[in-house]
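**Student:** Model the full assembly from the supplied sequences, consistent with the hints where possible.
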Amino acid sequence: MPKSLALDPKKMKEAEAALRTQAAKLLSEGTVTVFLGHEEGWDGLPVPFFATTPEEAKRLVWNPLVAFNLAKYLLDRLTGEEKVGIVVNGCGSLALDRLLKDRRFPRERLFVVGIPCTGLLDPDKVLALPDEARQAALEGGKAEPGLFLKRCGWCDAPNPVVADVVLGEKVPEEAGPQQYPRVEEIEKMSPAERAAHFKTLYEKCIRCFACRNVCPACSCRECSLDQWEPLWLGKATVPSEQLMYHFIRAFDVAGRCIRCGECERVCSVGVPLMELNDKLMKDITELFGVQRPHVPADVEPLGQWTEGDADLEAAH
Amino acid sequence: MATSQEPVIVGFLCNWCSYAGADSAGTGRMVQPTNVRIIRVPCSGRVNPRFILRAFQRGADGVLVSGCHPNDCHYSTGNFFARRRLLLLKRYLEYLGIEPARFETHWVSASEGQKWAEVVRSMAERVKALGPSPKLPSLL
Amino acid sequence: MAQSPVPKATRLVKKAGLGAWLTALAADNNVMAPVTVDGKPLFRWIGAGEVGQLDLAAVHTVNSPKGGVMPQTEPMLTYSAVQDGSGGKTLDIKPAAEDRPAVLFGVRPCDAAAIDLVGKVYLTGEFTDEQYQARRDRTTVVAIACAAPAKACFCTSFDLSPGAVRGADVVLYGRSGPGSVAEGDAYYAIAYTERGEAFLGGAAAKAAGVSDLPAGEADKLEKIVAAFRGLATPLGKKLGKVDVADKLESLFESAYWEKVSSRCLSCATCTFVCPTCYCFGVADTGAGGQGVRFRYWDFCKSPQFMLMAGGHDPRPAKKNRTRQRFLHKLNYHHNRCGEYLCVGCGRCVESCPVGLHLPLVVSDVRGLQP
Amino acid sequence: MKRVGVFLCWCGSNIAGTVDVGKVAEQARRLPGVVHVEENKYTCSEPGQAAIVKAIKDQRLDRVVVASCSPRLHEATFRRTVESAGLNPYFFEMANVREHCSWIHTDKETATPKAFDLVRMAVAKALRNEALTRGSITIEKRALVIGAGIAGIQAALDIADAGHEVILLEREPTIGGRMAQLDKTFPTLDCSQCILTPKMVDAAKHPNITLYTWSELEKVAGYIGNFTVTIRRKARGVDETLCTGCGVCQSKCPVKVPSEFDEGMGMRKAIYSPFPQAVPNRPVMDRANCTFFKTGKCKICERFCEAKAIRFDQEDSLIEVKVGAIVTATGFDLFKVEKYGEYGYGLYPDVINSLQFERLVNASGPTDGKIKKPSDHEIPKSVAFVLCVGSRDEQKGTTYCSRACCMYSIKHAIQFRDKVKDGRAYVFYMDIRTPGKSYEEFYKRAAVDYGVEFIRGRPSKIFSRNGKLVLKAEDTLLGRPIEVEVEMVVLAPAMLARNDAAKIAQTMSISYDGYGFLNEAHPKLRPVETNTAGIFLAGVCQGPKDIPDTVAQASAAASKVIGLLSHEQMATEPMIARVSEALCSGCLWCKPICPYQAIEAKTITEKIQGKVVSREVAAVNSGLCQGCGACTVACRDGAMNISGFTNDQLLAEVDELLGASRPACAAE
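Chains as they are written, first to last, in this note's numbering: chain V, 1 to 316; chain H, 1 to 140; chain Y, 1 to 370; chain S, 1 to 668.
Incorrect hints may appear among the rest.
[Stated by the list, open to error] To spell it out: a stretch of chain S is covered by chain V in this simulated footprint if at least three of its residues, at any positions, have a beta carbon under 8 Å from a beta carbon of chain V; those stretches are:
#1 585 to 595
#2 637 to 648
[Said to hold, decoys possible] To give an idea of the interface, some chain Y residues facing chain H are shown, with a C-beta separation under 8 Å as derived from the structure:
#3 Pro75
#4 Thr285
#5 Gly286
#6 Val292
#7 Phe294
[As the list claims (entries may be wrong)] Within a straight-line C-alpha distance of at most 27 Å, the following computed BS3-like cross-link-like pairs (lysine-lysine) qualify:
#8 V:Lys125 x Y:Lys151
#9 V:Lys11 x V:Lys25
#10 S:Lys199 x S:Lys437
#11 Y:Lys94 x S:Lys2
#12 V:Lys11 x V:Lys142
#13 S:Lys23 x S:Lys141
#14 S:Lys373 x S:Lys256
#15 S:Lys252 x S:Lys308
#16 S:Lys41 x S:Lys108
#17 S:Lys602 x V:Lys101
#18 Y:Lys40 x V:Lys188
#19 Y:Lys89 x S:Lys23
#20 Y:Lys151 x V:Lys204
#21 S:Lys607 x Y:Lys318
#22 Y:Lys89 x S:Lys54
#23 V:Lys125 x V:Lys142
#24 S:Lys322 x S:Lys23
#25 Y:Lys318 x V:Lys83
#26 Y:Lys89 x S:Lys57
Honestly, the hints are just simulated from the structure, not real lab data.
Idealized CB from N, CA, C, for every residue including glycine.
**Tutor:** Listed below in structure tokens is the structure:
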């Protein structure tokens, strides 16, 4: 876990106030017609919220539970001329950058408010805590490492990489090679063990597509997995088709996954999707020397080659 | 009717080099095992990793992609893109539990009928040694 | 509740005997029961070898047991092109093979009620879904009353309760009554249908040591059952009785739908975990003139759900689709069948990644101006 | 419903000997969509083709599958057959049951089911075949020739003589190239300039040829028939229209620098024409060495120029030309013989390379044709010629043979013996290669008539001893070490691709090999085409060759260009990429993958929920696209497809092979 992950609720409170002011200003001045943020939901957890008036901007929240990446909602606003405001932290900005690099939203129609991030907590885990412990975590900043979002554990981009204005001070960054301990464990298994392991994964999946729909690297107008001709993916939820689903989903984001782990977090049945994404990222680093495969690049790793790429034929 | 229990290897061959190489092997009457079924594609760069997975999903015992040697691509760079994708794919398939010998890529030129025949022979042997590919449950 | 259901048989089963019961059942039946997989409680078909994973602790499995009667993927028929006598071709069609009898074990009362609720759609009116009928006819539902309803439970917002009987052949009530998480050492097993009665008298039940009620416990039983049925649910208390069917009549054009749907991810989580969502699609799989026709769960939140050949989509936006889902549950179905298409299980509350769920909509709708 | 006809060829016993064709036919009748199955002895024969035409008409077939030989052999034949019956030729599909089945298997029991698999797959694909139509593009009837050496001049003249406009581009001040530097040519020993300069003049005067010297290729856009080429006209420092070519500026210029044309054996001025017969006869200003540009003072040339043609303030200009075809004739560089440190080039002034020797022996060269040692200007009495310096040497140079060095070195030895009657000429060789008309005879003459001494062995060292140069080698014929003392050594360097060949290739999107030589489309059958339609190769840019081969290739390239430009319109292959605009998200990740720059963004407008909106999608230029399909894999949307090899078709082949049926049709 990066050292910078010292949850600072006080700083977040300040950022929240600044965010509300900033969003209200943008809306009242007409710079943007809508501002994408979070509000407090039914059970106290933040939910995505789209403020359209300065009044509504007061409902915006910024606290250790704003786990949800908002960038994907831009796709709902593709048709139109209006400018959209959005708040992002580090990983939120990677998601945003992903869409920008994929040319899925024009930068000039965006006003990006960035907030450097000191880590976020896993809402499900926090919700399950006894009241006292929850309070201690949310208000006192006393959170066990296990309470943080998984992605905070490998985060090397706490500061927004895309922003028009940044609220709060920059957080020190710790660069270092990305680690993939779970992938390494699986790599140690025998082929049969691995096949069995992933079969349990396929059996669990109910194919609700939440993982795909939340993913900032999955932004096609019409997902090929929903197409009938050709039928890339059979409609039957049987393990052989689930293999196809999970293969296509992961391989399509290979080199474009930002390692936010939202796919895994929104999975209601607990499919460990990052085991698939991480493997591809790890290999992209090992095979092609891309040091930070989760950071959107100008040319995707699979959209280029070098003479020095490994001799595939000799790999057998 | 006797259903063949011989392993099936799906071959994706580029039209310009490897498909022609397989033709050369035929013209030279180079006897090969019957396991490979060739699908002609314009270039190894046309081979979508999804096709390969589809073949395994539907029960192929092996998949073979063959194209022009690096730097000899009819389209100049197609096989370099293919090489990247397939390098990544190879490792990924292995990770998913598909034995590495079930998926191979070879560079076979139009004149290398001998090499093609050898690729078929040796791969068929390896795949036979592995036995039938484990199939995940499906409706079929 | 209008009137108390009448027990057809009442037995006692030791908690320790459940494993043996399921093992015995698995010999002749497909058994579906709640198990915990990697920390997530799931309803699953289990074999005799997996009986040990039975986990009745969680009130909610992530998914509902609806797959027991409406499999997510269900073969309907197989087809193959064959030669006819005159050298031409014809299609040989065979109905899908029938499954073994099934026991859905450890079903929560809300989920059991959902089976009955959805059954009306498939089995009443002009058309009877024969395949569904056949599946229902060979399925026994063994429910278990909820001793400690979860935070998101709101079955009491409908005509249901943690001890409700609707849809169940047998209901298990914890012998030590509601309120305690440990449900005691034994359950009262009460059959409310003939199928349930037979089930409790069957060989498998004997193997589990299902016994007659000890003398003198009838009174206690009655109290305990009543306590289960009188138990409040946390969200139900907050929400009260759902009463928005009429009001929704005038809200079709409300701007609310646009607002509330804007954060929807268009995924199928709510639909697939919901015990009362029942829409399906039909597809074929196969090649070379042979294949299988099957049905599979579809979901109205999908942009493809209403897409027609030629590209027209009557529900082109999230607004339309979200409105459809909630109006179906809270208005259309109510108009047709006189009840809401929801049993208050609370799964959408727990599983929706963006907190967009039915209780939220009900409470929002109450505050809307028509 | 689609109606597929399946035609199973016996190919005599070629197929029928190993495949039970009757059995395959019987099984094929059951396949979905198949309404007609027929066996033929030879499907490609006249009656075989007639049977297809008849069946298309009688059975109202809309798809035709022929199971016979390789599509690389007869696909075009059968497409024509199908077309002649009024069906779109792309409704035809082929199963290769000969090369890929009957010829490589011996057992009927296993070959037959495999043949049936191949037929099934072809039928499955054919069911998804679409009617495709060839497009047409207008051809710009003008050619660009890059490089005006002998290859470029020859190609330009041939094209121009056929009546087409030619733009001849040369980056040096004059046309003529390497051949202008040569003295005599083997094996006839006729004077290089005497045969070249008339062609140079022809090229300059030809009404159809526009000459741009001192100009470089900047950018190539477009595609066959429609290239837009940007040319950089480098500042010459001289107004070409005013200059009379009198040469006064050159004679008055006070600056002297080594002449590139003379390979450093002579000097030139800062304003100069490389040689007296330069075409055009207009000097260029070498700003890097000009005193005015260095110090701000001088301008002597301007003072003496009566025509007032000197322009110190001239700047580079870019011009754009439209051409339909391009001939690349960019020539070669020489291997840097310094890389052989043991040969002492650079250390010993009398160790020179072959091109320097050409200048020495040339009557208009720096020594007026007298072979003089650079060190003391004395005539050497003995000269050693060392072959394969950089050729056929994997360690230090290249793997290949440079093809011309044996012959020109023999020529040099003869020239030396001719001019220095009492001199001794040694040729150190690995193998003497003389594959050309009268070449071997030339070699014999050198040995017999001129007494040139041939020593088979590659010198390991050249060093100085008592004012002489000593070559240490092993005479591999005698099998013993030898030392030969000479007064001068001439090294024959390997021919290399131009050092910026890769850049030029990239500018034109054509491929090149590991040495930078430009790749022909096929080493045997398409030796002057490149893989980019409309771009052709001539001369050594494609690979080492001598003058006759260069000229032959130039004329060949010219004839290809003439063939192309003789049409107003050109048909385009329909099996290329296409975009489903409905599916395309406009991410354009397909764009960097396209080797032909055939993909561009395009803005479309459409109605979404009643609102008219515009958005960007990928668009394929059908003139540029060659149908490789790399873009389809980059397209996650599934929007990009290759007609004839669509995702749907390829998946159908996989599914059909492995799907539900997998019926074997071996003996029961």
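**Student:** Going through the numbered hints above, which ones does this structure break? Give me the numbers in ascending order.
**Tutor:** 13 and 24
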